[in-house]
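K.L.:
Use the sequences and the hints to build the structure in full.
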Amino acid sequence: MIYREAGNYKTTYAADQAIFTLQLDRVFMTMVMVLAFLVVPLWANEYWLQAVLIPFLIFSLAAIGLNLLTGYAGQLSLGTGGFMAVGAYSTYKLTTAFPDLNILLVFLLAGFFAALVGIVFGLPSLRIKGFYLAVATLAAQFFILWLFNKVGWFYNNNSSGNITAPPRELFGLVVTGAAAKAQVRYLLSLGILTLFALFAKNIVRGRIGRSWMAIRDMDIAAEIIGIRPLHTKLLAFALSSFYCGVAGAMSVFLWLGSAETEAFSIFISFQVLFMVIVGGLGSILGSILGAAFITLLPILLTNVPLLVGLRIPIDLQKHIEQIVFGGLIVFFLIVEPHGLARLWQIMKEKLRRWPFPY
Amino acid sequence: MSAASPEKLLQVDNVSLSFGGVQALSEVSFDVHRHEILAIIGPNGAGKSSMLNVINGFYHPQRGSITYKGQTRKAMRPHLAARQGIARTFQNIALFKGMTALDNIMTGRNLKMKVGFLLQALHLGPARREEIEHRLHVERLIDFLEIEAIRKTPVGRLPYGMQKRVELCRALAMEPDLLLLDEPMAGMNVEEKEDMCRFILDVNDEFGTTIILIEHDMGVVMDISNRVVVLDYGCKIAEGTPDEVRANKQVIDAYLGVG
Ligand SMILES: Nc1ncnc2c1ncn2[C@@H]1O[C@H](COP(=O)(O)OP(=O)(O)O)[C@@H](O)[C@H]1O
Ligand SMILES: [Mg+2]
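Chains as they are written, first to last, in the working numbering: chain P, 26 to 383; chain R, 177 to 435.
Incorrect hints may have been included.
[Unchecked claim] Far from chain P by the CB rule (all over 10 Å, computed), these chain R residues:
{"hint": "1", "residue": "337"}
{"hint": "2", "residue": "381"}
{"hint": "3", "residue": "382"}
{"hint": "4", "residue": "429"}
[To be verified] Each pair of labels, with its calculated beta carbon distance range:
{"hint": "5", "chain 1": "P", "residue 1": "343", "chain 2": "R", "residue 2": "294", "range": "42 to 50 Å"}
{"hint": "6", "chain 1": "P", "residue 1": "359", "chain 2": "R", "residue 2": "363", "range": "25 to 33 Å"}
{"hint": "7", "chain 1": "R", "residue 1": "333", "chain 2": "P", "residue 2": "77", "range": "37 to 45 Å"}
{"hint": "8", "chain 1": "P", "residue 1": "359", "chain 2": "R", "residue 2": "268", "range": "24 to 32 Å"}
[Said to hold, decoys possible] When the alpha-carbon atoms are kept at most 30 Å apart in a straight line, the in silico DSSO-like pairs for lysine-lysine are as follows:
{"hint": "9", "chain 1": "R", "residue 1": "273", "chain 2": "P", "residue 2": "373"}
{"hint": "10", "chain 1": "R", "residue 1": "288", "chain 2": "P", "residue 2": "154"}
{"hint": "11", "chain 1": "P", "residue 1": "154", "chain 2": "R", "residue 2": "273"}
{"hint": "12", "chain 1": "R", "residue 1": "288", "chain 2": "P", "residue 2": "226"}
{"hint": "13", "chain 1": "R", "residue 1": "290", "chain 2": "P", "residue 2": "226"}
Worth flagging that the hints you see were computed from the coordinates, not collected in a lab.
For every residue, glycine included, the Cβ atom is placed at its ideal position computed from N, Cα and C.
P.N.:
Encoded structure:
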């Protein structure tokens, strides 16, 4: 019994309400942080940073955003890609119009624009639920992309129709655009994710998180204890879209460098939704685990057959990937709706009892 | 509280409510006095639950009015009723299934919590202090209702009787002036019923909460209520002390299914 609760007496409610109540959890978390902030940037090569780690961090943020809305507040959304696009295009417009504005501030402002758009498309949630709401958010997805494609103003009427990240500096380092080093972009993405994940965790374990879950679990009872449904749902839409918006801004400015609306297609909305489902509805940690899993899966599926000496044609590989994906989604939806986060918890409970079977 | 003119907390005046062809309530009037326990009894489908739903604004009556704390309204909105100190429990338990007992009860404190969104996100001093302060309050209620052992259990896994207790605890967390209890003892065994009766009396006694209670067990009603209102087919057929009501001819008929 290495991992245990015994001896960890919580003598104050403050201690009982901490995010990591066990000493070992705190040690483990510190190790992960040291690894992520110090070891990884030294060790990882360009390929790993650009193809795996940076997108993983950015999608983690988007997945947290969607999880706030869908996992905690119970409002299904297929508009994630659209809200990410709002963040990306707002960042582009702002930073080309005001080149001297601090790029982090621009990300935050872009998040606010995305939040406003989220509120507008969240309004129908007072009247409609579940599947019908999902269809309404799907309309948001298509409308936003259509608008950004159609109106040249959004991409400064350039001939390519793309938005391209201009070089912007932070503390004297170039952090965006072609000149920015992958290490720098990785560290900035990691910093943003760490802070926002912490904020999200604080929100969901307090009053606002409880009011979201109350609306999710039984809106009638929630209203009867004084929770205003529209207010609560719109706050979820706003905050969720804020997170997705910042993630969208990051995906153009810290990852892709240049993009068109296609980068935020419905496919992205589904991908983030899968991350949330696989990772665990209603869990911040789960959002990150889900993002890791979905980002790594294609790479695993590519490399594992190579390792054992199998050569699979690319198109077959894509098909296998889709089959495995589909299978996993069905598995998690039916067998373990709380996803990887729950499996992680079960493992910890097992460890806690080890070596006793129960 | 003088016997001659007890203070009225709630006044129901000529309330009529119908669903399509079904007349759930017809011209029902009664008063609820501050600090009393009022029982509403009547056969199934008499309109008891509908009456509670009208009081906390869940149903809007076609005719009549509700006067609560001196303010007369045609109808309430549920979250406004909550703000004005009306709490309730449901006939078919309405807990938040995905949350622990503690979180369910803490949700009852939501209206009392004021710290804004940004401070919460940063979990800074005031947010932390507020959370702990309300946790202390909730822990006192948890002690009071003797549910310490299950505070971290997801409510979906709790037995029925415990769920009823958690739901009562959540309602009490709101520090209500008026507490509406819809069949709080339905489906309980004798021991659980005794516990629940004790809790209800203690709440009324210690917190001074006014209680409207729907209950089928006549023994319980006679034991704990100050006054009784009897509904039958949506009409009020009697009102008075338990003894008066028990002796009432119409009530006996209604319960025996005569007339
Ligand atoms: N939401 C509703 N829609 C339609 N009919 C309802 C509704 N709520 C209650 N009723 C009807 O009103 C009558 C009274 O119901 P109710 O108040 O639940 O009775 P009680 O609680 O005394 O058993 C019943 O005939 C019931 O079918
Ligand atoms: Mg009823």
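K.L.:
Does each hint hold? Answer for all of them.
P.N.:
Results for each hint:
1. 337: The assertion about residue 337 of chain R holds, with a minimum of 19 Å to chain P.
2. 381: For residue 381 of chain R, whose nearest Cβ neighbour in chain P is about 24 Å away, the distance exceeds 10 Å, so it holds.
3. 382: Consistent with the label, residue 382 of chain R stays out of reach of chain P, its closest Cβ about 21 Å off (over 10 Å).
4. 429: holds (35 Å)
5. P/343 x R/294: 42 to 50 Å: holds (45 Å)
6. P/359 x R/363: 25 to 33 Å: holds (31 Å)
7. R/333 x P/77: 37 to 45 Å: Since residue 333 of chain R and residue 77 of chain P have Cβ atoms about 39 Å apart, the given range 37 to 45 Å holds.
8. P/359 x R/268: 24 to 32 Å: For residue 359 of chain P and residue 268 of chain R the Cβ distance comes to about 27 Å; the hint holds.
9. R/273 x P/373: holds (23 Å)
10. R/288 x P/154: Status holds; Cα separation ~28 Å.
11. P/154 x R/273: holds (18 Å)
12. R/288 x P/226: Given that 30 Å is the threshold and the Cα spacing comes to 21 Å, the pair holds.
13. R/290 x P/226: Judged against 30 Å, a Cα distance of about 19 Å means the pair holds.
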